[in-house]
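**Student:** Listed in order, the protein sequences are those of chains H and B. Everything in the first sequence is counted per the working numbering, starting at 27 for the first residue and increasing by one. Everything in the second sequence is counted per the working numbering, starting at 7 for the first residue and increasing by one.
Because the hints were derived from the structure by calculation, they are not lab data. It is possible that some hints are incorrect.
Stated by the list, open to error - Now the in silico label distances, taken between C-beta atoms and shown as ranges:
no., chain 1, residue 1, chain 2, residue 2, range
1, B, I126, H, A67, 44 to 54 angstroms
2, H, G99, B, P156, 23 to 33 angstroms
3, B, I126, H, K110, 28 to 38 angstroms
4, B, I134, H, E97, 28 to 38 angstroms
5, H, R96, B, K387, 46 to 56 angstroms
Being a predicted model, the structure only gives us computed values, none of them experimental. We put the beta carbon where it would ideally sit given N, CA and C, even for glycine.
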Amino acid sequence: MHRVTFISAVLFVAPLVLRAQQPTVPHDSVQGAVHAVDVRARSVDVMTGVGYALRVVHLQVPATVPITSREAGQRESIKLSELKPGDVIRAVFGGRRTGFVAYTIERVGRMESGVESKP
Amino acid sequence: MTRRWIGLAAICGVAACHKVQPGDPLGGLSATDRAQFDSGLAVFDNTFTPQVGLGPLFNASRCGECHEDPVTGGNGDEVEHHAAVFHPERAGAMCDELADKGGPVFQDSVTPALHAALGIDREPRPAIATVVAERSTPDIFGFGLLDAVPDSVILSYADPNDTNHDGISGRPNRFFDGRLGRFGRKALVPTLREFNAGAFSAEMGITSPSVPEEGTVAGNPLPTGTDPAPDPELSARGLELTDAFVRLLAPPAPLKQSREARRGRDLFAQVGCTGCHVPTLRTGDNPIPALSHKEVAAYTDLLLHDMGPQLADICFGLAKPSEFRTEPLMGTRLATQFLHDGRAKTLEQAIEMHGGEGMRSRDLFEALPAADRAALLAFLKTL
Numbered sequence: 027m028h029r030v031t032f033i034s035a036v037l038f039v040a041p042l043v044l045r046a047q048q049p050t051v052p053h054d055s056v057q058g059a060v061h062a063v064d065v066r067a068r069s070v071d072v073m074t075g076v077g078y079a080l081r082v083v084h085l086q087v088p089a090t091v092p093i094t095s096r097e098a099g100q101r102e103s104i105k106l107s108e109l110k111p112g113d114v115i116r117a118v119f120g121g122r123r124t125g126f127v128a129y130t131i132e133r134v135g136r137m138e139s140g141v142e143s144k145p
Numbered sequence: 007m008t009r010r011w012i013g014l015a016a017i018c019g020v021a022a023c024h025k026v027q028p029g030d031p032l033g034g035l036s037a038t039d040r041a042q043f044d045s046g047l048a049v050f051d052n053t054f055t056p057q058v059g060l061g062p063l064f065n066a067s068r069c070g071e072c073h074e075d076p077v078t079g080g081n082g083d084e085v086e087h088h089a090a091v092f093h094p095e096r097a098g099a100m101c102d103e104l105a106d107k108g109g110p111v112f113q114d115s116v117t118p119a120l121h122a123a124l125g126i127d128r129e130p131r132p133a134i135a136t137v138v139a140e141r142s143t144p145d146i147f148g149f150g151l152l153d154a155v156p157d158s159v160i161l162s163y164a165d166p167n168d169t170n171h172d173g174i175s176g177r178p179n180r181f182f183d184g185r186l187g188r189f190g191r192k193a194l195v196p197t198l199r200e201f202n203a204g205a206f207s208a209e210m211g212i213t214s215p216s217v218p219e220e221g222t223v224a225g226n227p228l229p230t231g232t233d234p235a236p237d238p239e240l241s242a243r244g245l246e247l248t249d250a251f252v253r254l255l256a257p258p259a260p261l262k263q264s265r266e267a268r269r270g271r272d273l274f275a276q277v278g279c280t281g282c283h284v285p286t287l288r289t290g291d292n293p294i295p296a297l298s299h300k301e302v303a304a305y306t307d308l309l310l311h312d313m314g315p316q317l318a319d320i321c322f323g324l325a326k327p328s329e330f331r332t333e334p335l336m337g338t339r340l341a342t343q344f345l346h347d348g349r350a351k352t353l354e355q356a357i358e359m360h361g362g363e364g365m366r367s368r369d370l371f372e373a374l375p376a377a378d379r380a381a382l383l384a385f386l387k388t389l
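Make a model of the complete structure from these sequences and hints.
**Tutor:** Here is the structure:
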């Protein structure tokens, strides 16, 4: 293929590919407790809700998603495998046809020790 | 002139003698707050039908169907069912409230449309549930005052490691986002507003701006056509008014105490009941003056206590199966059944069923002479 044609094709197709990977609904966020982590499937289930109306938010966590931990005023990167049930996390996510996909995940504490926050 | 003064004195006398009755609003409300209370009562007592959003799974068709005795906002004889799975081996996350399988509240009624679609009469309980618990209907008088108590006050009573060696080790429950819980028999829910919004969903299947999505049937999506009302089924205004009604309900004024009841009040403290049933809590700053910096004779610390294996049922958040929040005793004289599931039919039975951290006080109560036991019970019947 001619080099100019190839570059043109890449420039034409790349935005379409990137757009396909973008969420189809606006960003949402959730703060809740880690219910389960599946490192192999790269997913995390977050327990949240309002009163007794509880729900589990299933998030896919692509390898590029920044996962951080905020402890003692410091923020450091951690791996998905370091998230444990009972960790309180704040996740920003969006929706795709395949489900919710995390953009960022921040561990803000442990449920049993409490977290200062407003819903 | 004299007649005018006599009339004024009579009015003042009547006002002074007026005791807050069950179902009354807090005293000193602004006209706006009072109007919200009255409008909220109408929403609280409104009967929902499937056409306007009831169900398709539900426990009742209006709030006042359960909270009804002796007036709207009171207790009720209805019992509902909660289920969970307890994993004692999972440190830090021992409880699965079955939220992805329809839990923790498993509704006991379905709309005709859901019955026609699935042939069920109630939400199926998952087979993995280790316990299905019963929950009786408490009154909600004075809950706005409990909501207005600062976290710091509640936490000041916590003694999770029993460092004072009194055998009582209250500890806080927390919601999943880490905030301090206080509402519900296991103290999971942090605020009254969330408790109310969640109840519309969990008890009546009514969506609202706070809970915009319909629940599932044991974790499965609702069959098409079984929930015809558009979401949200309750407006933000309706939710706000309901919240105002519940928030502004006054606790019933305690009855005048006889000499026997006053002696019973002292015995209540002497046998250690006040270790958990803390007589008064103080509210903090609040935008509603009637809730701001008030003493509330709640007789609770809003903390979890181990009540022993005989009362144990489900886990909930951080609460283990045997841990329950200290039940507020304001309005106790209006109750006809006691404990979280109504298994005690008298106050004496309720005391006798206290185990765990309540065992020492129970034993001391049982060792009292009959007249002293009667005095303590007489005191409780003034609350």
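**Student:** Now tell me, hint by hint, if it's right for this structure.
**Tutor:** A quick look at each hint next to the structure:
{"no.": "1", "hint": "B/I126 - H/A67: 44 to 54 angstroms", "verdict": "violated, 32 angstroms"}
{"no.": "2", "hint": "H/G99 - B/P156: 23 to 33 angstroms", "verdict": "holds, 24 angstroms"}
{"no.": "3", "hint": "B/I126 - H/K110: 28 to 38 angstroms", "verdict": "holds, 37 angstroms"}
{"no.": "4", "hint": "B/I134 - H/E97: 28 to 38 angstroms", "verdict": "holds, 34 angstroms"}
{"no.": "5", "hint": "H/R96 - B/K387: 46 to 56 angstroms", "verdict": "holds, 51 angstroms"}
Of the numbered hints given earlier, the model fails hint 1 alone.
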